[in-house]
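Enquirer: As a plain string of letters, each chain reads:
There are 2 protein chains.
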Amino acid sequence: MSQTLLEVGAIVKSAREVWDGPGYIVLQDDVIEDIGRGEYPGSRAGMTVVKRPHRVAIPGLVNTHGHAAMTLLRGAGDDLPLMTWLTERVFPMEAKLTEDAIYWGTLLACWEMIRSGTTCFTDMYMSMHKAAAAVEESGMRAVLSWGMVGLDETSARSGIRNSESFVGAWHRQAGGRITVTLGPHAPYTCPPDYLQQVAELAGRLAVPIQIHLSETRTEVDDCLRLYNRTPIAHAASCGLFEHPVLAAHCVHVTDEDIEIMRANDVHVAHNPQSNLKLASGIAPVPSMTQAGLIVGLGTDGAASNNNLDMFEELRLAATLHKAVAFDASILPAAQAFQMATEDGAKAVFLPAGSGTLEKGAAADVTLLDLRSPHLIPTHSLLSNVVYAAGADDVTDVFVAGRALLSNREPQTIDTERVEYEARRIAQALSQ
Amino acid sequence: MSQTLLEVGAIVKSAREVWDGPGYIVLQDDVIEDIGRGEYPGSRAGMTVVKRPHRVAIPGLVNTHGHAAMTLLRGAGDDLPLMTWLTERVFPMEAKLTEDAIYWGTLLACWEMIRSGTTCFTDMYMSMHKAAAAVEESGMRAVLSWGMVGLDETSARSGIRNSESFVGAWHRQAGGRITVTLGPHAPYTCPPDYLQQVAELAGRLAVPIQIHLSETRTEVDDCLRLYNRTPIAHAASCGLFEHPVLAAHCVHVTDEDIEIMRANDVHVAHNPQSNLKLASGIAPVPSMTQAGLIVGLGTDGAASNNNLDMFEELRLAATLHKAVAFDASILPAAQAFQMATEDGAKAVFLPAGSGTLEKGAAADVTLLDLRSPHLIPTHSLLSNVVYAAGADDVTDVFVAGRALLSNREPQTIDTERVEYEARRIAQALSQ
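First to last, the protein sequences are chains A and B.
Numbering-wise (my numbering), the first sequence opens with residue 37 and increments by one.
Numbering-wise (my numbering), the second sequence opens with residue 37 and increments by one.
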């Protein structure tokens, strides 16, 4: 049994409860065993005591959509129309990604995410056993899927085979920190009968599904032309929504789409910065949350963002929709914070309580520097975290009770090695 | 004479020229005396040598609009309609701002801006002699104006008097680091005859003008009702544009407005995050730059942002307009970078060359950590700076040849004292 006592200057337990004064959190193995205001009243015997009187503890941020090893493609193609970017830059480089590349690219992503306060991320990519090995080593929590594309018989079959073996090997492994889901890429890369097969497999393996849906206007137009249905209605008609589904993007959704998602409890990963940079558009998030959908926030891959900083997504989610609606009261700080933490955790199928600092919840905690100029003064701690904090304020990160970042120093990743390997691989990719 | 030799791993001289390999910069007194690739060929005798082999040098960022001491109101009111926010939160607190508060609030802003790589900022507020004292002490470059409001005779007269004495006392002072401009707040707080007086004063004192124009739809509608002209056309008709003018926001401008601004060489401060958060809207920046207007970027005050991080504005400017236009090639990385540096410097009336690292330019330099995970790998250094870098990557800042931040440590500001005073004052404000 391992016990850590965190003594901090303030605590944001959740979007609903902020303690603006000293408090403590006891991490016992991988859960929060106790949390309270003031001094810890119990005995410190046998505990690792971490004193951080000038830090605020918040639940670790949850990144609900991405492609981790795309860090290796960061900046390889920007300011290009989506299809040019994909066909001329991304696909040729991705064709050269080896298992080695996936491992190091994922570790680079983990380093970047830990340093910016994220404790759990979601991934859909290739050679995922190597990504899982990187996650295990980094100490992060992750929801992983082997991307499935059904455009030809060979890739369709290998998608099913890889996913099935990946579920068998890694679901609930790494001390329970890894969840495996199925990852059909999108309706435009997975024909209807393939989506039906995926749905059937999800039922048989009892795992959730993640998929890209309604990211661009072109995707929706094409889907309407081919199937006379929106991507959301089409996914429903293929039986996908009979299983737990996390739908990424949902930029171009109708009120009927939102009603279909609500009726089927489809979760949404909102990726505001990627949607802006790729010129996809702005998702109608206020309509989705008003309908009761669970919406989390995500960075998407580093090739389309170009970083994995969840504070940027948090801030953008809390500001962007105000301007669209010409209403400054839309999506207030507490709601945005909940999307980045508790609702993100729900969106990616973590157990109840995850994404909060409640007793009994997973011991995933991020500490921010209260002495950072961004966070001075403190008229509202929650407002400061949502509208002012940045990656530079993150000093400590705990996942499942273990310190992954301590006083800004990575504890689990050999960052010099990761930098060396990532530069080596990136050079090979661009040749 | 003081000479500093910076040895760095890479240099972004300007949006047009990136050196992706070792180089050097010689800062002599307050200008860049030499810059080159590889090793400095001259003698190092008498020079302060700063070795930063794992840093990239970029021109210091220029923040073209803000209200520095509003750091003291950070988070005091969010998620509220503009008029509620102003009348119920901002104005009552501002009424309590003493000269002491302006001094400490401005120093807090300087600390935050230095730490996030900004070397020059723009300010329009009150008790500006105290703000100027803070700027002088911090070592930053600044373009300051004493806010002028003409809603009654007393404040109108004191606005003129304060501005005139402020110009006399501080214009081109602090070793030339301070520029003073006139600061008529906006057409809705300055009646036409007052704007005419301000224009006349600008001519007499030979200083530029900064003003808020066309920030909200309501402002435009009211102006049309009152004067049968848009705020831009109205400002022109009051003679304001016969002098150099920096117009903040310009969110709701017509093609005719843009043509008036072009014909009069009116500069624009684009504040994307403030415009989103206050639900003002999204400025038609691509139309303005295509028309040839000089557009810089700004944070606005910390009460409406809520931080002073120019990397966020840079990233938002480079991504937001893509989604609005559904065109990923709009406002590419180089253009956004130019807006945050060289065009920002032009916008706030700094001498030619400012905002670049060209020989002879002002010695305002920011260094970023090339070993930050955000900046690995390096397919494109400029893309990494625009789309991935953050305040956490800033390690060193020089203004006018002097180190204000060295290996992340502030060199000119007693940050513990600033934190103490800012918290003390903020507490009094909220009582």
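None of these hints come from the bench; they were simulated from the model.
A couple of the hints might just be wrong.
Any copy, or any two copies together, can satisfy a pair, since identical chains are not distinguished.
[To be verified] Listed next, the in silico DMTMM-like pairs over lysine to aspartate or glutamate satisfying Cα-Cα at most 25 Å (straight line):
#1 Lys395 with Glu124
#2 Lys395 with Asp257
#3 Lys87 with Glu445
#4 Lys395 with Glu53
#5 Lys87 with Glu452
#6 Lys49 with Asp188
#7 Lys49 with Asp229
#8 Lys87 with Glu130
#9 Lys87 with Asp136
#10 Lys132 with Glu75
#11 Lys382 with Glu172
#12 Lys87 with Asp301
#13 Lys382 with Asp258
#14 Lys49 with Glu394
Enquirer: Hint by hint, note whether the structure agrees.
Expert: Hints, one by one, checked against the model:
1. In this assembly of identical chains, Lys395 and Glu124 lie within 25 Å of each other by CA distance neither inside one copy nor across copies; the values are 50 Å within and 38 Å between.
2. In this homomeric assembly, Lys395 and Asp257 never come within 25 Å of each other (Cα to Cα): the closest approach is 47 Å inside a single copy and 53 Å across copies.
3. When the C-alpha separation of Lys87 and Glu445 is checked against a cutoff of 25 Å, the pair qualifies both within a copy, at 16 Å, and between copies, at 23 Å.
4. In the homo-oligomer, the alpha carbons of Lys395 and Glu53 lie at most 25 Å apart inside one protomer (13 Å), although the nearest pairing across protomers, at 54 Å, exceeds that limit.
5. Taking the closest pair of Cα atoms, Lys87 and Glu452 come within 25 Å of each other only across two copies (20 Å); inside a single copy the shortest separation is 28 Å, beyond that limit.
6. For the homomeric pair Lys49 and Asp188, neither the shortest alpha-carbon distance inside one copy (48 Å) nor that between copies (48 Å) is at most 25 Å.
7. Taking the shortest Cα distances, Lys49 and Asp229 never come within 25 Å of each other, neither inside one copy (45 Å) nor across copies (54 Å).
8. With identical chains, the CA atoms of Lys87 and Glu130 are never at most 25 Å apart, being 44 Å at best within one copy and 37 Å at best between copies.
9. In this assembly of identical chains, Lys87 and Asp136 lie within 25 Å of each other by CA distance neither inside one copy nor across copies; the values are 39 Å within and 34 Å between.
10. Proximity of Lys132 and Glu75 under a CA criterion of 25 Å is satisfied in neither setting, with 55 Å inside one chain copy and 36 Å between copies.
11. For a Cα distance limit of 25 Å, the shortest separation of Lys382 from Glu172 inside one copy, 22 Å, qualifies, whereas the shortest one across copies, 51 Å, does not.
12. For the identical chains of this complex, Lys87 and Asp301 are neighbours neither inside a copy (42 Å) nor across copies (56 Å), given an alpha-carbon limit of 25 Å.
13. Neither within a single protomer nor between protomers do Lys382 and Asp258 lie at most 25 Å apart by alpha-carbon distance, with minima of 31 Å and 46 Å respectively.
14. Taking CA atoms no more than 25 Å apart as the test, Lys49 paired with Glu394 passes inside one copy only; the shortest distance there is 6 Å, against 50 Å between copies.
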